[in-house]
Each structure stands twice: as structure tokens, then as C-alpha cells.
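A.B. asks: Here are the chains, one letter per residue:
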Amino acid sequence: ETGVTQSPTHLIKTRGQQVTLRCSSQSGHNTVSWYQQALGQGPQFIFQYYREEENGRGNFPPRFSGLQFPNYSSELNVNALELDDSALYLCASSPEGTGVYNEQFFGPGTRLTVL
Amino acid sequence: SQQGEEDPQALSIQEGENATMNCSYKTSINNLQWYRQNSGRGLVHLILIRSNEREKHSGRLRVTLDTSKKSSSLLITASRAADTASYFCATGGQGAQKLVFGQGTRLTINP
Numbered sequence: 001e002t003g004v005t006q007s008p009t010h011l012i013k014t015r016g017q018q019v020t021l022r023c024s025s026q027s028g029h030n031t032v033s034w035y036q037q038a039l040g041q042g043p044q045f046i047f048q049y050y051r052e053e054e055n056g057r058g059n060f061p062p063r064f065s066g067l068q069f070p071n072y073s074s075e076l077n078v079n080a081l082e083l084d085d086s087a088l089y090l091c092a093s094s095p096e097g098t099g100v101y102n103e104q105f106f107g108p109g110t111r112l113t114v115l
Numbered sequence: 001s002q003q004g005e006e007d008p009q010a011l012s013i014q015e016g017e018n019a020t021m022n023c024s025y026k027t028s029i030n031n032l033q034w035y036r037q038n039s040g041r042g043l044v045h046l047i048l049i050r051s052n053e054r055e056k057h058s059g060r061l062r063v064t065l066d067t068s069k070k071s072s073s074l075l076i077t078a079s080r081a082a083d084t085a086s087y088f089c090a091t092g093g094q095g096a097q098k099l100v101f102g103q104g105t106r107l108t109i110n111p
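Quick note, the sequences are listed as chains A and B, same order.
So for the first sequence, the working numbering puts the first residue at 1; every next one is plus one.
So for the second sequence, the working numbering puts the first residue at 1; every next one is plus one.
Hints in this document: simulated from the structure, not taken from any laboratory.
Mixed in with the good hints there might be a few duds.
[Said to hold, decoys possible] Derived list of chain B stretches under chain A, where covered just means 3 residues or more per stretch with a C-beta under 8 Å from a C-beta of chain A:
#1 33–43
#2 68–75
#3 98–111
Don't be surprised by glycine CBs; every beta carbon is placed ideally from N, CA and C.
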């Protein structure tokens, strides 16, 4: 059983560019959530995908968008990057529609730096 | 905005001592979870306590939950250097999809 994986590990972009981050959920998990963690802060919920549909969204602008694929892997896309988007982006998966009722399995994260 | 607040923000103790971290939250919850994070990497789940539970143990970890005070505590007994990390509490709300995290306690264990 493989855990949650994310790619890339690190990424440097310039303001105004677009970025795509990828996540492979743990085997058997069909629910994927994305979190943004600024330096020195706790993670903040961006959105969740369940069976390829968005299933909840946090307080993030529309330039943050996502996808979930039939194999339950997921992408986070951020358009028109701003300096404040610099953060660690974490993906978490959980089993069949359990949402937050059970533990979340987190990936190692993608460190995004916007210059 | 974040619901939980951890206290203290930073804690430094000697190896072998016990470490206690506290978490307060604002709204009703289904469960409260504690996670550990090493050096800004991924979060590792430590323990989950449901709203109808008052205390839970897992190895050297003891978690308490007081829903009347909207607070929880995490006790790590007989601390080790490897326990050095940031610890976050996270709450799962009724019918919510998201976990709401606090700002974390940075724990340093000195050898």
C-alpha cells in the first residue's frame, strides 16, 4: 500500500505565472483535500474532491482550481500567481467519503516560492 | 481564519520530561485530531478523539477533550529528541469537509 505522494517537491515561479501541483492519493482513498500552509502558520483548507467532484471549498479565490481524475489522483492549479501564494501546499487523502470524520493521510507537500 | 489556538506557541524541555500542549477551539465539533510536522514537511496523524470521548491514549501520547470548555490537551510522556517537531490540533465540524487547524506548538526536546 503506497502513501500519498506529491510532485514536484519544490517549485519556483514568478508573479503572474501559472502553476500545477499534483497529488496521488493513498490506495483505496477516493477523497482528496488540498491545504495551503504559509510559513509559521497552520494549514488552511483550499478545497476537497470526492469522486471527481468538488465537495467543499475554503476561502480562496477562483484562481485556485482543481481536478480529480478517475484514478483519484488530483491537481491543484493556481493562476496569476501572487507573492502571498508562496507556501507549502499539502494534499491529504481519506477513504470513501469520510471527509473529516477520520484521520487524513497527508503527502510530503510541495514548497512553492513566488518571486 | 483558523479556529484552533495552541498554547504555548513554543515549548523547550529536557529529554525525558513530559510535554503538554493545549488547544482551544470555537465551534461545535465532531472530532479533534492532533498532527505532528517535522521541519515544514507533511503532517503525520497522531491521534483522533471524538466529541463523545473525554480521554484517549496511544503509546506515550495522552489526549483529553473538554467540549464544555472547547479545549483539548496533548501530553507526551518521557520525551525523546525525535519528538522535536511542530504539533497541530485540527477540528472536524459537523457535516464539514475540512479540517480547521490551529497555528501549532513548536516543541524542542533538548538532549
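A.B. asks: Decide, hint by hint, whether the structure agrees.
C.D. replies: Structure-based check of each hint:
For the segment 33–43 of chain B, the stated coverage by chain A holds: 6 residues have a C-beta nearer than 8 Å to a C-beta of that chain, and at least 3 were required. Under the rule that three or more residues need a Cβ within less than 8 Å of chain A, the assignment of the segment 68–75 of chain B is violated, with 0 such residues. Counting residues of the segment 98–111 of chain B whose C-beta lies closer than 8 Å to any C-beta of chain A gives 7; at least three are required, and the coverage claim holds.
This entry does not satisfy hint 2, going by the numbered hints stated previously; all others are met.
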